[in-house]
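J.: Starting from the known structure of chain A, arrange chain B on it as the hints suggest.
Just so you know, the sequences run in chain order A and B.
Our numbering applies: residue 123 is where the first sequence begins, and numbers increase by one.
Our numbering applies: residue 123 is where the second sequence begins, and numbers increase by one.
In short, the hints are calculated from the structure, not lab data.
Worth double-checking, as some hints may not be accurate.
Said to hold, decoys possible - Residues from chain B shown here face chain A by an in silico Cβ test under 7 angstroms; the list is partial:
1) F126
2) L127
3) A140
4) C203
5) T216
6) K217
7) Y219
8) A228
9) G231
10) R239
11) T259
12) W264
13) K274
Quick caveat: nothing in here was measured; it's all calculated off a predicted structure.
Backbone N, C-alpha and C define an ideal beta-carbon position, used for all residues, glycine too.
Number of protein chains: 2
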Amino acid sequence: MPDFLDMAYKEAEQGMLAGDGGPFGAVVVKDGIIIGKGHNRVISSHDSTAHAEICAIREAESALGTHDLSGCEIYTTCYPCPMCLGAIMWARITKVYYGSTSEQAAAVGFDDQAFYRAFLTPESNQLVSMVYDDNPTSRLLWQKWLELDDRKMY
Amino acid sequence: MPDFLDMAYKEAEQGMLAGDGGPFGAVVVKDGIIIGKGHNRVISSHDSTAHAEICAIREAESALGTHDLSGCEIYTTCYPCPMCLGAIMWARITKVYYGSTSEQAAAVGFDDQAFYRAFLTPESNQLVSMVYDDNPTSRLLWQKWLELDDRKMY
Chain A
123 MPDFLDMAYK EAEQGMLAGD GGPFGAVVVK DGIIIGKGHN RVISSHDSTA
173 HAEICAIREA ESALGTHDLS GCEIYTTCYP CPMCLGAIMW ARITKVYYGS
223 TSEQAAAVGF DDQAFYRAFL TPESNQLVSM VYDDNPTSRL LWQKWLELDD
273 RKMY
Chain B
123 MPDFLDMAYK EAEQGMLAGD GGPFGAVVVK DGIIIGKGHN RVISSHDSTA
173 HAEICAIREA ESALGTHDLS GCEIYTTCYP CPMCLGAIMW ARITKVYYGS
223 TSEQAAAVGF DDQAFYRAFL TPESNQLVSM VYDDNPTSRL LWQKWLELDD
273 RKMY
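With the rest of the complex left out, here is chain A (with noise of 0.2 angstroms):
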């Protein structure tokens, strides 16, 4: 196991013997050196989004001072769930290290399974209901958006 795979794995227990959440542990990596780390916080924060690779995303680029983790690894105890996943993304991260399987999650209760699901078969997800308003008021904002002399992509 890479070294740093364990200190995601103390990260983790850390945190869930803190009461900080589930066991879940992470950390961002460049060049070898670790930028970022985090564990699941979702109960001691109120926050149902502070999952361990969120929480090590965000530390890693306030380390940086970018929202760009290109060129970054991370390494974290557990498959990504969809919403980590889709985060690991968005930081431009492109190699993850995992230590277990969205199966070993599911079988002590965690849903990341269920979410898959709905991810990958859209037309019966019945865990959300998406109701689209089509507005002018959108195409007006795409509008000035392109229109923006400082437009700034991610």
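T.: Frame of chain A, contents of chain B only:
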């Protein structure tokens, strides 16, 4: 257009004009009252996870002092990206009103569609390389989790 979606558009435009990030806004509503609002702050916060929906969910959960937004609705200016749809699921929000489509977002340069494709066909995911490292620490951690006396699920 419902008034709540209009509020989300106002939030989006304010954020965009302030240079905080892309033209996206969202509000979380419980029993007809806005309990959280947010706009994209990826640029100003150096935080790739600071999408409108995530910001609105975090504000709502902080206001209520819980990670569980069951019974709430979210109004968002654009169809949620995979990260935000995952966040909506974890927050246990079951109804999403959205004002424009992923196709419209793609037309002005936002990558959501490519991300969704990577989710729908994981075997052809060229965005992120996933490396599984099976190891005993993982099983030990799950075991410790299951043996915790005050284990809280979310």
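J.: Would you mind marking each hint as holding or not holding in the structure?
T.: Hint check results:
| no. | hint | in the structure |
| --- | --- | --- |
| 1 | F126 | violated (10 angstroms) |
| 2 | L127 | holds (6 angstroms) |
| 3 | A140 | violated (11 angstroms) |
| 4 | C203 | holds (6 angstroms) |
| 5 | T216 | holds (6 angstroms) |
| 6 | K217 | holds (5 angstroms) |
| 7 | Y219 | holds (5 angstroms) |
| 8 | A228 | violated (11 angstroms) |
| 9 | G231 | holds (6 angstroms) |
| 10 | R239 | violated (11 angstroms) |
| 11 | T259 | holds (5 angstroms) |
| 12 | W264 | holds (5 angstroms) |
| 13 | K274 | holds (5 angstroms) |
Hints 1, 3, 8 and 10, counting from the list given before, are not met by this structure.
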